[in-house]
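Residue numbers (our numbering), protein chains in the order written: chain A, 40 to 260; chain B, 185 to 288.
Please note that a few of the clues may not be correct.
Unchecked claim - Pairwise CB distance ranges, derived in the manner of DEER restraints: (1) A/Asp82 <-> B/Ala248: 16 to 26 Å; (2) A/Asp82 <-> B/Asp242: 45 to 55 Å; (3) B/Gln245 <-> A/Thr61: 33 to 43 Å; (4) A/Arg144 <-> B/Ala248: 22 to 32 Å.
Think of the hints as simulated: they come from the structure by calculation, not from any bench.
All C-beta atoms, glycine included, are put in the ideal place defined by N, C-alpha and C.
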Amino acid sequence: MPNTVINPTRMELTRLKGRLRTARRGHKLLKDKRDELMRQFLDVVRENKALRTRVEKGLERANQSFTVAAALMSQPAMEEALLYPKQTVELEMDFQNIMSVDVPRYTFQTSSPEAGDLYPYGYAATSGELDAAVEALGEVFRDMLALAQMEKTAQLLAEEIEKTRRRVNGLEYKIIPECEEGIRYISMKLDENERSATVRLMKVKDMILQQAQEERRAKGL
Amino acid sequence: MSKYSIAVIGDQASVMGFKALGLDVHVAEDTEDARKALHDLAHGDAAVIYITERFARDMAQDIARYKDCVTPAVILIPGKEGSLGIGMRNLENSVMRAVGADIL
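Using the sequences provided together with the hints, build the complete structure.
Below you can see the structure in the form of structure tokens.
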């Protein structure tokens with residue numbers, strides 16, 4: 040560990056070992072989480088892409104009809120025809136939990152006086168193209184709502200995956216190696232201390248023995 | 185479960201039809217209008233905001249602000265000039281962000 044100073048003590052060693060165990064476990068769990076999130080994300084994104092293509096096509100068709108209708112009717116007349124909608128849309132939202140990410144789920148309810156009666160205008164003053172345009176829009180709307188749900192889900196999952204990936208990498212390349220190095224450093228240092236203690240004892244024993252011999256020799260003489 | 189509204193922001197010709205469906209339509213003349221409408225709606229009760237790509241192109245930052253929030257979902261739709269491919273590109277960006285590579 041280059042920057043931080045660790046105390047080479049047994050207590051520190053135990054602490055670091057505990058930390059390493061936790062980090063390893065966390066790393067494994069987060070990695071599993073990332074993999075599962077990724078799997079779900081790819082499903083969502085594929086569906087999202089298909090939906091978007093469909094919605095864009097549908098809207099294009101609706102817009103074409105509108106353009107034709109606008110050519111056949113005057114602008115004020117058309118605006119007037121669409122001014123007061125007959126049906127209202129209410130959106131309900133609840134949440135679905137995907138791997139602890141709350142993603143929204145939309146359900147919508149339309150309230151119109153009669154089923155299938157979408158057109159907020161009388162047929163006398165408007166062209167048939169406008170009916171077709173509104174109908175096309177009504178058809179594509181269901182897909183549009185599904186698209187909103189998918190797209191939001193994809194965005195939220197992408198954020199969570201990014202976060203999880205950073206955590207996994209942080210643990211894998213930073214925390215775990217640091218712990219391992221710290222543990223190696225401490226155990227080396229402790230071993231070294233132990234060896235030096237043994238050597239010192241041997242040395243002291245030698246010195247005591249030498250002293251004793253010299254004393255005996257002095258008495259003998 | 186609570187009630188939310190669905191809003192559409194765009195130019196007159198692109199969003200006119202949504203009014204007939206009973207959506208909350210906001211006609212914007214320029215990007216500044218659209219930006220204001222977006223922020224107002226986001227702080228209101230709109231859960232889904234559709235915005236035409238032509239406006240979205242110039243206000244990417246404003247839209248990015250709501251990307252990581254649960255509400256509102258800001259969804260790009262093609263306007264009357266057809267798809268500009270921005271919505272699709274955003275989708276690819278989110279894949280890039282999650283996976284780190286474009287795999288679609």
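Structure-based check of all given hints:
Taking 16 to 26 Å as the suggested C-beta distance range, the pair A/Asp82 and B/Ala248 conforms, at roughly 24 Å. In this structure the hint that A/Asp82 and B/Asp242 lie 45 to 55 Å apart at CB is violated, the actual value being about 33 Å. Here the CB-CB span from B/Gln245 to A/Thr61 is close to 39 Å, well matched to the stated 33 to 43 Å. At about 23 Å, the beta-carbon gap between A/Arg144 and B/Ala248 stays in the expected band of 22 to 32 Å.
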